[in-house]
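**Q** The listed protein sequences derive, respectively, from chains A and B.
FYI, the UniProt record's numbering numbers position 163 of the first sequence as 163, with every residue one higher than the one before it.
FYI, the UniProt record's numbering numbers position 136 of the second sequence as 136, with every residue one higher than the one before it.
Since the hints were made in silico from the structure, they are not lab data.
Bear in mind the structure is a predicted one, so any value in this text is a computation, not a measurement.
Check each hint, because a few of them may be wrong.
Identical copies go unnamed one by one, so any copy, or any two together, can satisfy a pair.
Here are the simulated lysine to aspartate or glutamate pairs, DMTMM-like style, with alpha carbons at most 20 Å apart [stated by the list, open to error]:
no., residue 1, residue 2
1, K15, E34
2, K42, E52
3, K49, D116
4, K76, E100
5, K42, E9
6, K49, E65
Number of protein chains: 2
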Amino acid sequence: MKLSPLVQELIDNLKHLPGVGPKSAQRMAFHLLERNRIGATKLANSMAKAMEHIGHCRTCRTFTELEQCDICASPKRQASRLLCIVESPSDILAIEQTGEFIGRYFVLMGHLSPIDGIGPEELGLDQLQNLLSSDEFDEMILATNPTVEGEATAHFIADLAGSYDVSVTRIAHGVPVGGELGYVDGNTLSHAFSGRKKL
Amino acid sequence: MKLSPLVQELIDNLKHLPGVGPKSAQRMAFHLLERNRIGATKLANSMAKAMEHIGHCRTCRTFTELEQCDICASPKRQASRLLCIVESPSDILAIEQTGEFIGRYFVLMGHLSPIDGIGPEELGLDQLQNLLSSDEFDEMILATNPTVEGEATAHFIADLAGSYDVSVTRIAHGVPVGGELGYVDGNTLSHAFSGRKKL
Ligand SMILES: [Zn+2]
Ligand SMILES: [Zn+2]
């Protein structure tokens with residue numbers, strides 16, 4: 001005896017969520033059906049809308065449904081002449097929470113990983129070079145994750161930037177080695193920014 | 001600086017999922033946007049459809065989009081004259097996996113909990129009494145959870161069944177006390193069924 005097709009389909013599809021296996025997918029499905037149909041319907045609508053309409057900022061590549069994100073569109077940020085390179089949109093959130101960086105970002109959406117077929121093109125490095133050649137920036141701060149891949153990516157980008165008139169810095173290793181930037185507390189991140197070193 | 005409205009809305013709505021807080025909602029949203037838009041779109045469609053179309057079996061109250069579930073509609077099950085009372089649809093799945101019970105179910109969708117306003121009516125006990133008076137069953141097996149509330153609910157239903165010509169049994173305490181039925185291994189559940197005692 002099996003579950004009805006629609007119930008089974010819901011459970012199967014919940015497994016698309018990261019970190020959700022068969023048992024928790026089942027628990028989630030029954031919980032939503034039993035106790036939160038309104039919330040689940042809102043989630044379904046908002047997820048469908050998000051997947052259809054959210055693209056990437058044409059300048060920094062972060063997620064947005066607009067052509068350009070709020071940060072790239074801000075005159076105050078445009079005046080700063082500082083560009084911070086991060087691996088993921090969640091890193092922007094973590095850095096913004098420190099309140100200490102008033103500049104612009106460029107989101108790689110990953111790090112170099114030849115084994116997964118992720119090279120310079122996938123990280124949008126052509127687009128980054130266009131930004132660097134625009135003469136809008138004095139300094140590029142490499143804030144990739146303090147992991148082996150993040151370091152390798154930072155060095156690759158630093159080499160690439162040699163052809164442009166921009167100084168290249170790396171956030172200090174106040175950030176714990178081996179961790180992910182999005183999980184670092186604000187205080188540590190502040191120190192990492194203020195202690196940044198010229199590469 | 002904030003996230004774009006659609007991204008923020010997706011993160012907020014992901015918090016409707018049980019066990020998902022702000023940090024994991026954010027992680028889920030970025031993961032889906034970055035790596036699994038097709039899966040997320042399928043999930044959104046299937047969730048919307050499920051919330052709209054899945055109701056309760058008119059006989060046993062389990063979740064189904066049909067008027068009657070497969071188990072209630074099965075002639076083999078109808079011939080068995082055994083009725084098993086469980087708290088939740090996931091308990092049916094656990095019991096079916098043992099392959100040892102060929103009978104029908106009645107799903108309470110909870111247990112008696114006066115403090116939460118859950119009384120006999122919320123558990124569908126009127127409907128259960130209709131079933132008992134139909135003379136379709138010789139035995140009713142109480143398979144509510146081996147918790148304080150599950151025991152209290154089992155005793156309440158046993159008392160109620162006194163007016164009907166049906167013998168009432170409780171699954172044996174092979175099941176670990178204080179646990180939830182849906183998480184018990186099949187072997188333990190088999191023993192609990194075969195060791196059931198007349199109440
Ligand atoms: Zn942008
Ligand atoms: Zn049924």
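**Q** A separate judgement is required for each hint: does it hold in the structure or not?
**A** Verification of the hints:
1. In the homo-oligomer, the alpha carbons of K15 and E34 lie at most 20 Å apart both inside one protomer (19 Å) and across protomers (16 Å), since each shortest distance falls under that limit.
2. Proximity of K42 and E52 under a CA criterion of 20 Å is satisfied in both settings, with 16 Å inside one chain copy and 12 Å between copies.
3. Proximity of K49 and D116 under a CA criterion of 20 Å is satisfied in neither setting, with 29 Å inside one chain copy and 35 Å between copies.
4. Within a single copy, K76 and E100 get their C-alpha atoms as close as 14 Å, which meets the 20 Å cut-off; across copies the closest is 70 Å, which misses it.
5. For a Cα distance limit of 20 Å, the shortest separation of K42 from E9 qualifies both inside one copy, at 19 Å, and across copies, at 10 Å.
6. Within a single copy, K49 and E65 get their C-alpha atoms as close as 10 Å, which meets the 20 Å cut-off; across copies the closest is 25 Å, which misses it.
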